[in-house]
Amino acid sequence: ENRDFRVYVYARVQLGITATEIISELNQVFPDSSPSRRTIYQLVHDIGEGQFLFEKDPQPGRPRSVATQEKVAEVRSLIEANPRLSCTEVAACLYVPRAGQSPTGSPYSALIP
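By my numbering, the letter at position 91 of the sequence shown is numbered 95, and the numbering carries on one by one without gaps.
Treat the hints as calculated values from the structure; they're not laboratory data. Since the structure is predicted, the reported quantities are computational estimates derived from the model, not experimental observations. Cβ coordinates follow ideal geometry from the N, Cα and C atoms, glycine included. Some hints could be false.
The calculated label-pair distances, taken between Cβ atoms and stated as ranges, are [unchecked claim]: (1) Ala85 with Arg42: 41 to 49 Å; (2) Ser40 with Gln18: 42 to 50 Å; (3) Ser90 with Arg42: 29 to 37 Å; (4) Gln55 with Phe34: 22 to 30 Å; (5) Glu53 with Asn86: 49 to 57 Å; (6) Gly54 with Thr92: 26 to 34 Å.
Required output: the full structure, derived from the provided sequences and hints.
So, in structure tokens, the structure goes:
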């Protein structure tokens, strides 16, 4: 879906349509799912600078969401084992070390069943 918007913006820019007009068109057709104004302006800028890619590069670093079925099961088992754990303690129990850090770096590691 994002790729479709990116291709659309690219084509419209090549036809000489302004960012403001592109935003208006997208909001008329996709009022609930169109990209933000900032995103459109950034795409138009990138196209003008020759830095445009049809596919977005993956962002470096940790993914925004690390929710997996395994993590959900781990959280569930922690809460079932000790319903008094706070959110902070549950998060600390599931601590995933960064490169070069010890897995025992969590102050709550003793709470892990």
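CB of Ser90 to CB of Arg42, is that within 29 to 37 Å?
-> holds (36 Å)
Satisfaction of the hinted span 26 to 34 Å by the C-beta atoms belonging to Gly54 and Thr92 | Violated, since Gly54 and Thr92 (Cβ atoms, about 46 Å apart) do not stay within the stated range.
49 to 57 Å as the expected CB spacing between Asn86 and Glu53, which holds or is violated | holds (54 Å)
Given the hint of 42 to 50 Å, check if Ser40 and Gln18 actually sit that far apart at their C-beta atoms.
-> violated (22 Å)
Falls inside 22 to 30 Å, the C-beta gap from Gln55 to Phe34?
-> holds (25 Å)
Range agreement (Cβ of Arg42 with Cβ of Ala85, hint 41 to 49 Å) = 44 Å Cβ-Cβ, so the 41 to 49 Å window holds.
Violated hints, listed in ascending order, are 2 and 6; each of the other numbered hints is respected by the structure.
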